[in-house]
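Visitor: Sequence:
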Amino acid sequence: MVKALAAYGFRALTIILLVIIPHNSFDYVKGLIYNLGNSIFEYNNLKIYIGVGMNRYFTIILNPVADQGNAKKKIPLIEEFFSKNATDFKIILTEKIGHATSIAASNAQIPDQVIVAAGGDGTSNEVINGLMFNSPKPESSSIHQNRLQFGVLPIGRGNDFAFGAGVPSDLTESMRLLLDGTFYPMDVGLIAGGDFPKGRYFGNGVGIGFDAIVGLEAAKMKHLHGAAPYIIGALKTLVMLPKAPTIEISYKDRQQILTPALVSIMNGKRMGGAFFMAPDGDMSDGLLNLTITHQGTRISLLKAMMLYMKGKQSSHRGTFTDSAEKFSLKALSGSMTAHADGETICVAGTALTVQIIPSALQIITRRSLP
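Residue numbers 204 to 573, in my numbering, belong to the letters of the sequence shown in order.
No wet-lab data here; the hints were simulated from the structure.
Be a bit skeptical, because a hint or two may be false.
[Claimed, not checked] Straight-line distance between alpha carbons at most 25 Å, and here's what the computed DSS-like set of lysine-lysine pairs gives:
1) K287 with K276
2) K423 with K446
3) K455 with K439
Nothing here was measured: the structure is a model prediction, and the numbers come from that model.
Please take these sequences and the hints and turn them into a complete structure.
Guide: Shown next as structure tokens:
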């Protein structure tokens with residue numbers, strides 16, 4: 204009863220304020236109302252979520268060249284859906300690499316925005332970086348009232364971040380989720396080193412060695428869709444079998460020196476549209492999932508690759524897993540090739556630090572993060 208009265212009372216107050224406020228103050232006040240309306244109140248230890256539902260205001264940052272330009276063909280469907288179902292929205296098309304980051308950063312300053320990344324993993328990564336560089340400090344106040352709000356429309360090639368975040372691959376379902384889903388705190392990763400000494404944020408995960416080289420090979424196959432370029436890239440990399448560097452990895456007060464073919468550090472679950480690098484990955488547990496596969500024969504690595512596609516790599520003799528909040532990696536011989544969310548971090552790096560930032564953003568998803 205308390206929840207119902209609070210919800211109806213807030214909606215009535217919202218209508219009154221939107222009628223009486225001056226037009227030139229509308230956007231700002233609407234933003235304040237929106238943020239208040241998506242707060243969590245507590246009454247006798249009962250959490251009450253008062254949402255404004257259809258009044259969510261969406262800024263959709265869309266990459267028209269995602270999925271070989273097929274993303275551009277989805278614009279009429281997106282416009283039609285939100286015109287019929289949403290109170291207010293706008294679509295901004297990206298024009299070059301990095302543009303989504305600057306768009307997200309500028310819109311993050313406006314309080315009434317739900318920033319939506321429409322594209323593939325690269326678009327989501329850019330938007331996350333734009334939001335994170337403008338995010339309030341974790342200690343500043345309540346997660347639910349201060350974290351920037353984020354959604355995803357997976358219309359790219361791999362869509363691994365969306366998969367890990369529990370966003371449906373079907374466009375209509377993912378748009379419906381933006382309207383009906385719930386905001387949940389989401390962890391964000393940060394990798395520093397290589398071409399990004401000050402750091403680059405990521406939502407899904409980091410790959411070092413075999414994984415990163417596969418990504419570079421897949422990027423050359425722009426004519427292929429889905430998991431196909433990554434599977435072909437993995438087979439090609441397997442044939443080449445680059446010499447693995449010797450690295451020192453430090454985490455949780457322990458150090459290991461090893462020669463791995465592959466190091467995966469995940470916030471999400473999947474890479475390359477088909478490889479379940481962290482099948483139990485949880486974007487809200489405050490941890491990163493580590494998987495290391497040691498350098499071996501081509502046959503051994505082929506077996507490992509097939510197990511990754513089933514999420515069963517822990518059964519591989521040359522693979523082990525762990526989790527931690529922070530990892531430091533240093534190349535003792537050779538160098539490291541690394542990517543974050545498919546974006547190249549370095550081709551010949553010597554030192555990398557990877558850490559998790561708990562509850563950094565709020566993402567619209569299902570009842571809870573998978």
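Visitor: Checking one constraint from the list: CA of K287 to CA of K276, max 25 Å. Satisfied?
Guide: The hint holds at about 19 Å.
Visitor: Would you mind confirming whether the straight-line C-alpha gap from K423 to K446 stays at or under 25 Å?
Guide: 21 Å, holds
Visitor: Mind checking the alpha carbons of K455 and K439 for me, to see if they're no more than 25 Å apart?
Guide: Violated, at about 35 Å.
Of the numbered hints given earlier, the model fails hint 3 alone.
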